[in-house]
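Chains as they are written, first to last, in this note's numbering: chain A, 383 to 494; chain B, 56 to 171.
In short, the hints are calculated from the structure, not lab data.
Warning: the hint list may mix true and false statements.
As the list claims (entries may be wrong) - List of simulated lysine-lysine pairs, BS3-like, C-alpha gap at most 27 Å: (1) Lys-75/B x Lys-443/A; (2) Lys-431/A x Lys-443/A; (3) Lys-431/A x Lys-96/B; (4) Lys-75/B x Lys-119/B; (5) Lys-75/B x Lys-96/B; (6) Lys-119/B x Lys-69/B.
This one's a predicted model, so the numbers in the text were calculated from it and none came from an experiment.
The primary structure of each chain is shown beneath.
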Amino acid sequence: AQSVTQPDIHITVSEGASLELRCNYSYGATPYLFWYVQSPGQGLQLLLKYFSGDTLVQGIKGFEAEFKRSQSSFNLRKPSVHWSDAAEYFCAVGATGNQFYFGTGTSLTVIP
Amino acid sequence: GAVVSQHPSRVICKSGTSVKIECRSLDFQATTMFWYRQFPKQSLMLMATSNEGSKATYEQGVEKDKFLINHASLTLSTLTVASAHPEDSSFYICSARVGTVLSPLHFGNGTRLTVT
Numbered sequence: 383a384q385s386v387t388q389p390d391i392h393i394t395v396s397e398g399a400s401l402e403l404r405c406n407y408s409y410g411a412t413p414y415l416f417w418y419v420q421s422p423g424q425g426l427q428l429l430l431k432y433f434s435g436d437t438l439v440q441g442i443k444g445f446e447a448e449f450k451r452s453q454s455s456f457n458l459r460k461p462s463v464h465w466s467d468a469a470e471y472f473c474a475v476g477a478t479g480n481q482f483y484f485g486t487g488t489s490l491t492v493i494p
Numbered sequence: 056g057a058v059v060s061q062h063p064s065r066v067i068c069k070s071g072t073s074v075k076i077e078c079r080s081l082d083f084q085a086t087t088m089f090w091y092r093q094f095p096k097q098s099l100m101l102m103a104t105s106n107e108g109s110k111a112t113y114e115q116g117v118e119k120d121k122f123l124i125n126h127a128s129l130t131l132s133t134l135t136v137a138s139a140h141p142e143d144s145s146f147y148i149c150s151a152r153v154g155t156v157l158s159p160l161h162f163g164n165g166t167r168l169t170v171t
């Protein structure tokens, strides 16, 4: 069955430090992978997506993610975190039949 | 592009009343929209898939008579919470996809429903 796992429920980083949010997926075919960010009380904003091709994808706000088929992972990274990056981050897998599978989310706190 | 507008952003109602939430695709046509429910500090739970001109497809465990979905046009889907009760208090988010399954979902800003 399809599933998405985000092992880290909550992460705290210092402003200016690097960030990596983990995402593992289980899907039988080639996955369509997404990262979304949600600020408190808001909807979800697309950060980046992977369909095929280059396994390192660039997104908005300085984020990038790397697809590793051998590890079934699609980790999100940012070299230098800003205080405004504090939010909830969701990894998702898009499948056929309009299905979207979301991870449980990782809450990011940025300390000055 | 691909803006999804959801209204209202916040609503407080008394138990037993019905509440309607609107979801509009502003600059594209959406034959399919999705309604999610999100509990505090949890992920999104797909409630139903709204199909323009036909009945919505509900996920297992979602009450069709409680959560009424109408997709009257290619740019508007509505979710009505009928006879709301405090346990229906939640954050409801709609989304739409531009094009095929390869396209990402675009989300509205959500509606915070509080039933007193």
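Results of checking the hints against the structure:
1. Lys-75/B x Lys-443/A: 34 Å, violated
2. Lys-431/A x Lys-443/A: The hint holds at about 14 Å.
3. Lys-431/A x Lys-96/B: Holds, because 23 Å separates the two Cα atoms, which is no more than 27 Å.
4. Lys-75/B x Lys-119/B: Given pair Lys-75/B, Lys-119/B holds - Cα atoms ~15 Å apart, limit 27 Å.
5. Lys-75/B x Lys-96/B: Roughly 24 Å between the alpha carbons, so the hint for Lys-75/B and Lys-96/B holds.
6. Lys-119/B x Lys-69/B: 21 Å, holds
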